[in-house]
Amino acid sequence: MTAPRRLSWSMRFALMISGVFSGAAVLAGAIAYVLLSGELSGRLRQDVESMAGNLAYTLQNGGPQDLLEQIDALSANARDGSAVAAYIDPQGQHIAGNFSPDHPFAGHRALRVGRDMTLAEMPNGVVPTDYFAYGLQTHQGWIITGRDAEWVAENTEVLLQGTAWGLGVALILSIALSVFIARRNETRIERFEGVLMAVGAGAHDLRVVDDGHDDIGRLAGRVNETLAQLETGIATIRQVSTDVAHDLRAPLARLRMRLEPHVLTDQTPDDLRDDLGRALEDLDALSATFDAILRLSRMQAGLVPLQAEAFDLATLCRELTEMLEPSAEDAGHTFTTDIPPTAIVHGDRDLIAQAVLNLADNAMRHCSAPADIQLSVMAGSDSWRISVTDTGPGIPEADRKRATERFVQLDASRNTPGAGLGLSLVTEILRLHGSELHLSDNSPGLRAEFELN
Amino acid sequence: MIVKRQKAATPLLKVLRVKILVAEDDAEIGDYIRKGLVAEGHSVDHLTDGREALTQATLQPYDLFLFDRMLPGLDGLSLLKSLRAAQVATPAILLTAMGAVDDRVAGLRAGADDYMVKPFAFVELLARIDTIARRPGLRAEVTELRQGDLHLDLLTREAHRAGVLIDLQPREFLLLKHFMERPGRVQTRTILLEAIWGLHFDPKTSVVETHVSRLRAKIDKPFDKAYLTTLHGVGYVFQP
Numbered sequence: 064m065t066a067p068r069r070l071s072w073s074m075r076f077a078l079m080i081s082g083v084f085s086g087a088a089v090l091a092g093a094i095a096y097v098l099l100s101g102e103l104s105g106r107l108r109q110d111v112e113s114m115a116g117n118l119a120y121t122l123q124n125g126g127p128q129d130l131l132e133q134i135d136a137l138s139a140n141a142r143d144g145s146a147v148a149a150y151i152d153p154q155g156q157h158i159a160g161n162f163s164p165d166h167p168f169a170g171h172r173a174l175r176v177g178r179d180m181t182l183a184e185m186p187n188g189v190v191p192t193d194y195f196a197y198g199l200q201t202h203q204g205w206i207i208t209g210r211d212a213e214w215v216a217e218n219t220e221v222l223l224q225g226t227a228w229g230l231g232v233a234l235i236l237s238i239a240l241s242v243f244i245a246r247r248n249e250t251r252i253e254r255f256e257g258v259l260m261a262v263g264a265g266a267h268d269l270r271v272v273d274d275g276h277d278d279i280g281r282l283a284g285r286v287n288e289t290l291a292q293l294e295t296g297i298a299t300i301r302q303v304s305t306d307v308a309h310d311l312r313a314p315l316a317r318l319r320m321r322l323e324p325h326v327l328t329d330q331t332p333d334d335l336r337d338d339l340g341r342a343l344e345d346l347d348a349l350s351a352t353f354d355a356i357l358r359l360s361r362m363q364a365g366l367v368p369l370q371a372e373a374f375d376l377a378t379l380c381r382e383l384t385e386m387l388e389p390s391a392e393d394a395g396h397t398f399t400t401d402i403p404p405t406a407i408v409h410g411d412r413d414l415i416a417q418a419v420l421n422l423a424d425n426a427m428r429h430c431s432a433p434a435d436i437q438l439s440v441m442a443g444s445d446s447w448r449i450s451v452t453d454t455g456p457g458i459p460e461a462d463r464k465r466a467t468e469r470f471v472q473l474d475a476s477r478n479t480p481g482a483g484l485g486l487s488l489v490t491e492i493l494r495l496h497g498s499e500l501h502l503s504d505n506s507p508g509l510r511a512e513f514e515l516n
Numbered sequence: 026m027i028v029k030r031q032k033a034a035t036p037l038l039k040v041l042r043v044k045i046l047v048a049e050d051d052a053e054i055g056d057y058i059r060k061g062l063v064a065e066g067h068s069v070d071h072l073t074d075g076r077e078a079l080t081q082a083t084l085q086p087y088d089l090f091l092f093d094r095m096l097p098g099l100d101g102l103s104l105l106k107s108l109r110a111a112q113v114a115t116p117a118i119l120l121t122a123m124g125a126v127d128d129r130v131a132g133l134r135a136g137a138d139d140y141m142v143k144p145f146a147f148v149e150l151l152a153r154i155d156t157i158a159r160r161p162g163l164r165a166e167v168t169e170l171r172q173g174d175l176h177l178d179l180l181t182r183e184a185h186r187a188g189v190l191i192d193l194q195p196r197e198f199l200l201l202k203h204f205m206e207r208p209g210r211v212q213t214r215t216i217l218l219e220a221i222w223g224l225h226f227d228p229k230t231s232v233v234e235t236h237v238s239r240l241r242a243k244i245d246k247p248f249d250k251a252y253l254t255t256l257h258g259v260g261y262v263f264q265p
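Protein sequences appear in the order of chains C and F. Here the first sequence stands for residues 64 to 516, where the numbers follow this note's numbering. Here the second sequence stands for residues 26 to 265, where the numbers follow this note's numbering.
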């Protein structure tokens with residue numbers, strides 16, 4: 064009957080926002096990483112290029128001796144191997160420097176220790192493994208410089224860690240905040256739900272208590288205004304239905320009282336007596352239909368209090384069967400039951416009896432004999448399922464919803480008596496019990512069922 | 026109102042003459058009720074105002090109250106509540122032109138013994154008065170009912186007519202017993218639904234018609250004289 068409870072819209076929204084936020088954060092981090100590492104690598108490349116340029120200038124203007132001095136100075140300054148330089152003569156002989164590439168080259172190149180180059184002994188032991196290198200070829204030989212590439216990785220790692228921490232905290236905060244807001248909205252919306260259900264069940268004077276100065280608060284105001292209008296409307300229906308009932312029933316009562324004595328006395332000629340009797344029958348049918356309409360309106364307006372109690376549905380259905388069986392038999396139908404020994408439910412016994420009788424009566428009325436009509440009570444997971452099935456013409460799927468509306472008589476049944484109130488009365492009775500009527504195909508025929516717990 | 030005015034009566038049939046206070050503001054309806062009840066041998070005081078009825082009910086002893094729910098001065102429900110609060114235990118029937126079944130509960134809670142919705146069959150009012158007027162009583166010693174050549178044993182639940190055993194289903198037995206206890210008294214569909222099936226609403230099914238016709242097929246059809254008669258628009262009557 065009730066769908067499994069899904070996450071509320073606010074909660075789903077909160078989680079979705081958090082998801083989008085974390086996705087965006089990761090993307091931003093990735094972009095920063097790419098940009099930063101690109102920028103740092105670029106700088107490093109510029110650096111090695113200008114280092115090589117300086118050394119080449121020294122070689123050109125000061126001669127090899129000056130170059131060697133400068134390379135030694137550089138090596139001494141970068142004892143951790145963060146910067147390296149080498150001078151190779153035109154014959155490819157390594158002349159000086161704290162590293163030696165396997166092959167001299169010109170231009171930018173990424174070098175790995177062991178694979179592409181050999182590093183001189185470093186005094187403090189920690190040795191870089193990757194270098195950005197630049198080679199310059201002059202007519203006096205090659206000048207090759209390099210810088211530790213790990214510097215880029217280290218810097219970007221710092222960036223990544225910083226980003227991760229910042230984002231993590233922000234993410235946790237954002238999830239916590241959105242879940243908090245969602246819970247708060249849920250609570251407020253549940254309050255709406257509770258009030259609306261209670262009003263539907265007859266507590267017409269209940270209002271939503273919510274003084275928030277936001278959209279939900281405004282909604283509460285609107286809902287309360289509507290509820291107030293509804294309450295006025297219901298009070299009007301109550302008054303009008305009472306007035307109309309009185310105005311209609313009083314003349315009917317007088318009419319009946321005038322006619323009835325003539326039906327009961329021998330002095331009235333037999334044929335007239337018969338006519339008068341049938342007039343009384345019509346009068347009773349008229350007032351019964353009127354009662355049914357009035358009752359339905361009052362039920363829909365929530366004016367019929369539920370006399371709910373625990374009772375045995377199985378006993379009730381057996382009693383009803385005892386009533387229905389002879390009528391069904393006389394109409395040429397077969398009436399069978401499938402009822403457990405006991406089935407305790409909570410509800411208004413009279414109203415439920417009426418609902419079951421209406422469904423059975425409907426089946427008998429709309430099926431041409433012989434039809435099989437069955438009344439069953441079956442155990443559900445935590446409720447009892449009552450069904451009335453027949454093998455008659457059934458109701459086309461498109462018309463099933465309409466069939467439960469007031470005054471609707473589907474075309475196929477227009478020549479049978481009944482004001483089309485039966486199924487709508489059942490629907491209303493079940494609504495009062497928090498249940499609903501399901502019409503489905505019994506192939507062939509109609510299956511009408513509902514649950515009670 | 027007895028059809029054909031049969032005077033021959035078993036002790037069960039003996040209708041008690043009761044003193045009835047009617048409070049009904051619709052003059053014509055009240056007049057019909059008064060005339061009908063007087064014709065039945067009851068004595069009737071008819072008032073049209075709730076307050077007057079309250080005074081009258083406390084001044085004189087009555088056997089039965091018949092109050093309309095809508096009355097000028099004091100409505101029927103409040104009138105009854107006031108009387109019950111004043112320890113007046115006289116049986117009461119409420120008449121209403123307002124709601125239907127739903128108001129029945131409110132009426133019974135206020136201390137009414139029965140409840141009727143207008144328009145009602147006058148014979149139904151009589152049947153209800155019968156029930157209330159002989160509520161404590163008589164019945165305990167009765168073990169069999171006999172009307173003409175029809176005999177119903179209340180212990181074995183067997184019926185015989187002219188010596189022929191008639192097999193009765195449980196509800197048919199209850200129905201026959203109900204009729205035989207009230208010979209000559211018209212029984213409406215509503216009365217039978219309440220008495221035999223305990224239903225306080227119209228089930229829309231032909232349950233009464235079906236059972237009466239089955240009962241008739243058993244006790245009347247094979248014989249010359251029919252005991253059970255249908256009065257269209259009114260109900261059924263067992264005519265010994």
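Mixed in with the good hints there might be a few duds.
Covered by chain C, according to a simulated footprint, are these stretches of chain F (three or more residues, beta-carbon under 8 Å) [stated by the list, open to error]: (1) 52–59; (2) 78–88; (3) 110–119; (4) 137–149; (5) 175–182; (6) 254–261.
Far from chain C by the CB rule (all over 12 Å, computed), these chain F residues [unchecked claim]: (7) 64; (8) 99; (9) 122; (10) 129; (11) 166; (12) 186; (13) 192; (14) 194; (15) 195; (16) 202; (17) 213; (18) 215; (19) 248; (20) 251.
Partner residues are not named here, just some residues of chain C that face chain F (Cβ under 8 Å, in silico) [claimed, not checked]: (21) 176; (22) 179; (23) 180; (24) 182; (25) 183; (26) 312; (27) 319; (28) 325; (29) 327; (30) 330; (31) 333; (32) 342; (33) 369; (34) 372; (35) 393; (36) 397.
Quick caveat, the hints were computed from the structure, so don't treat them as lab data. Please read all numbers here as calculations on a predicted model, not as lab measurements. All C-beta atoms, glycine included, are put in the ideal place defined by N, C-alpha and C.
Outcome of the hint check:
| no. | hint | result |
| --- | --- | --- |
| 1 | 52–59 | holds (count 4) |
| 2 | 78–88 | violated (count 0) |
| 3 | 110–119 | violated (count 0) |
| 4 | 137–149 | holds (count 7) |
| 5 | 175–182 | violated (count 0) |
| 6 | 254–261 | holds (count 4) |
| 7 | 64 | violated (9 Å) |
| 8 | 99 | holds (17 Å) |
| 9 | 122 | violated (4 Å) |
| 10 | 129 | violated (10 Å) |
| 11 | 166 | holds (30 Å) |
| 12 | 186 | holds (21 Å) |
| 13 | 192 | holds (15 Å) |
| 14 | 194 | violated (8 Å) |
| 15 | 195 | violated (8 Å) |
| 16 | 202 | holds (17 Å) |
| 17 | 213 | violated (9 Å) |
| 18 | 215 | violated (9 Å) |
| 19 | 248 | holds (22 Å) |
| 20 | 251 | holds (15 Å) |
| 21 | 176 | violated (97 Å) |
| 22 | 179 | violated (98 Å) |
| 23 | 180 | violated (100 Å) |
| 24 | 182 | violated (101 Å) |
| 25 | 183 | violated (106 Å) |
| 26 | 312 | holds (4 Å) |
| 27 | 319 | holds (4 Å) |
| 28 | 325 | violated (10 Å) |
| 29 | 327 | holds (5 Å) |
| 30 | 330 | violated (11 Å) |
| 31 | 333 | violated (11 Å) |
| 32 | 342 | holds (7 Å) |
| 33 | 369 | violated (10 Å) |
| 34 | 372 | violated (12 Å) |
| 35 | 393 | holds (6 Å) |
| 36 | 397 | violated (16 Å) |
When the structure is compared with the earlier hints, violations turn up for hints 2, 3, 5, 7, 9, 10, 14, 15, 17, 18, 21, 22, 23, 24, 25, 28, 30, 31, 33, 34 and 36 and for no others.
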